[in-house]
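Trainee: Sequence:
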Amino acid sequence: EDLRQDERVQQVLNTVNQVLALDPECAQRRLTVRTYAVVPVSKGAGILEWVQNTLPLQDCIKPIEPDRFNKADSEYKQMYRDGIQAYHAVWEKKPSAAQHAKTIEKFQRAQAHLPPDCFRRSLLALAHTPQAVLTVRGNFAASVAAMSISHYILGIGDRHLSNTLVSTGRGEVVGIDFGHAFGSATTLLPLPELIPFRLTRQMTAVLEPLDAQGLLKRSMTFVMRALRRNRHLLKQTMDIFIADPTVDWKANAQRQAKALHARPAGAKATDSADILDWAIAAKTEALDMKLKGEHAGRVILREMRDSSNAKV
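Using this note's numbering, you'd call the opening residue of the sequence shown number 134 and step up by one each time.
Hints in this document: simulated from the structure, not taken from any laboratory. Don't be surprised by glycine CBs; every beta carbon is placed ideally from N, CA and C. Misleading hints may appear alongside valid ones.
[Unchecked claim] Within a straight-line C-alpha distance of at most 30 angstroms, the following computed DSS-like cross-link-like pairs (lysine-lysine) qualify:
1. 368 / 176
2. 368 / 350
3. 176 / 383
4. 235 / 210
5. 350 / 195
6. 239 / 210
7. 383 / 368
8. 383 / 425
9. 235 / 204
10. 210 / 195
11. 195 / 235
12. 350 / 425
13. 239 / 350
14. 368 / 425
15. 239 / 195
16. 239 / 204
[As the list claims (entries may be wrong)] Listed next, with one range per pair, are the computed distances between beta-carbon atoms:
17. 157 / 236: 41 to 51 angstroms
18. 213 / 157: 36 to 46 angstroms
19. 157 / 218: 47 to 57 angstroms
20. 189 / 213: 17 to 27 angstroms
21. 322 / 181: 16 to 26 angstroms
22. 265 / 218: 41 to 51 angstroms
23. 293 / 234: 23 to 33 angstroms
Construct the complete structure from the given sequences, taking the supplied hints into account.
Mentor: Below, the structure written as structure tokens:
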């Protein structure tokens with residue numbers, strides 16, 4: 134992977150933090166996105182800051198119920214493999230209500246292998262007093278709110294259990310590995326990601342006895358409002374992607390165009406420069422839609438229009 138993308142995502146997230154720090158509501162709630170240093174030294178190598186005192190989300194959940202975790206993980210992976218084949222069949226024939234119900238049943242069966250409070254038990258074990266429990270929970274909720282909205286705006290995908298770290302000291306979450314950004318997880322993965330951000334029952338269980346409405350929704354609203362108010366600053370920061378596209382952007386644009394079996398809509402020709410311009414224009418349009426407050430479903434449909442795996 135071209136680490137320039139990770140470096141630039143961190144630059145944009147630092148700009149996000151500046152915006153949040155100047156917003157009274159966000160500053161009062163200490164809403165920030167934790168970042169780390171990335172120094173590319175070539176197109177395929179670089180130096181990344183070690184994020185101290187953290188564990189991957191998987192390492193917080195698995196030790197609580199290792200056997201049950203392995204069963205759930207195995208079934209999820211099988212669902213993913215089956216899902217890739219089933220997904221492509223959708224475009225040939227509209228799935229029936231029975232198929233939809235069967236998919237939900239499989240998901241719920243896999244989910245039932247693992248108790249919903251494994252992560253909660255692991256995270257709250259960091260706290261040794263009732264006050265510390267509230268602090269850890271508050272830090273977790275604030276960081277999830279800021280990270281989720283920021284990642285949604287930037288189209289960060291591939292948020293599996295090893296791409297989110299958890300601070301073992303404060304309970305905050307830290308996103309890492311931004312190989313899939315700006316909607317590429319929707320347009321390029323064999324099973325497109327159709328969710329704006331990751332918020333599973335393992336994460337919402339940490340908020341109990343409150344819920345996502347009480348601890349997340351309001352903070353997320355403040356983050357989104359602050360970013361929308363400063364959308365011109367964010368778009369200016371994004372100009373570096375347009376002025377100097379990474380190797381991954383160029384390769385992904387060619388891959389999308391080839392998969393679509395035709396000249397992309399909006400491209401004037403099929404040479405590399407025009408295809409790259411088309412890809413950048415599509416990413417910019419999706420970013421504009423998000424910052425204007427378009428419904429997430431409409432944004433995903435827009436991105437799916439250029440997916441290498443869909444016919445929308």
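Trainee: Hints first: check each against the structure and report whether it holds.
Mentor: Comparing the hints with the structure gives:
A C-alpha spacing of about 24 angstroms is found between residue 368 and residue 176, which places the hinted pair at or below 30 angstroms, so the restraint holds. The suggested pairing of residue 368 with residue 350 holds, with an alpha-carbon distance near 25 angstroms, which does not exceed 30 angstroms. For the suggested pair residue 176 and residue 383, the alpha carbons sit about 12 angstroms apart, so the restraint of at most 30 angstroms is met. The suggested pairing of residue 235 with residue 210 holds, with an alpha-carbon distance near 17 angstroms, which does not exceed 30 angstroms.
The suggested pairing of residue 350 with residue 195 holds, with an alpha-carbon distance near 28 angstroms, which does not exceed 30 angstroms. Taking the CA atoms of residue 239 and residue 210, the gap is near 12 angstroms; set against the 30 angstroms cutoff, the hint holds. In summary, the hint linking residue 383 to residue 368 is supported, as the alpha carbons are separated by about 20 angstroms, within the 30 angstroms threshold. For the hint linking residue 383 to residue 425, the alpha-carbon distance of about 27 angstroms falls within 30 angstroms, and the restraint holds.
The hinted pair formed by residue 235 and residue 204 meets the criterion: a straight-line CA distance of about 19 angstroms does not exceed 30 angstroms. In summary, the hint linking residue 210 to residue 195 is supported, as the alpha carbons are separated by about 16 angstroms, within the 30 angstroms threshold. Of the pairs offered as hints, the one joining residue 195 and residue 235 holds, with about 27 angstroms between alpha carbons and a cut-off of 30 angstroms not exceeded. This hinted pair checks out: residue 350 and residue 425 have alpha carbons roughly 19 angstroms apart, not beyond 30 angstroms.
Distance check on the hinted pair: residue 239 and residue 350 sit about 29 angstroms apart at the alpha-carbon level, within 30 angstroms; holds. Distance hint between residue 368 and residue 425 is fulfilled; the C-alpha atoms sit about 12 angstroms from each other, no more than 30 angstroms. With a C-alpha separation of about 21 angstroms, the suggested pair residue 239 and residue 195 falls inside the 30 angstroms cut-off, and the hint holds. For the given pair, residue 239 sits about 13 angstroms from residue 204 by alpha-carbon distance, which is consistent with the 30 angstroms threshold.
For the pair residue 157 and residue 236, the beta carbons lie near 44 angstroms from each other, so the given range of 41 to 51 angstroms is met. Hint check: residue 213 to residue 157, Cβ distance near 43 angstroms, so the stated range 36 to 46 angstroms holds. Checking the proposed 47 to 57 angstroms range against residue 157 and residue 218 shows it holds: the Cβ atoms sit about 51 angstroms from each other. The given range of 17 to 27 angstroms is respected by residue 189 and residue 213, whose C-beta atoms sit roughly 19 angstroms from each other.
Roughly 23 angstroms separates the CB atoms of residue 322 and residue 181, a value that falls within the hinted 16 to 26 angstroms. Under the hint 41 to 51 angstroms, the C-beta atoms of residue 265 and residue 218, about 48 angstroms apart, fit the expected range. Checked against the given bound of 23 to 33 angstroms, the beta carbons of residue 293 and residue 234, roughly 26 angstroms apart, stay inside it.
Checked against the numbered hints given earlier, this structure breaks none of them.
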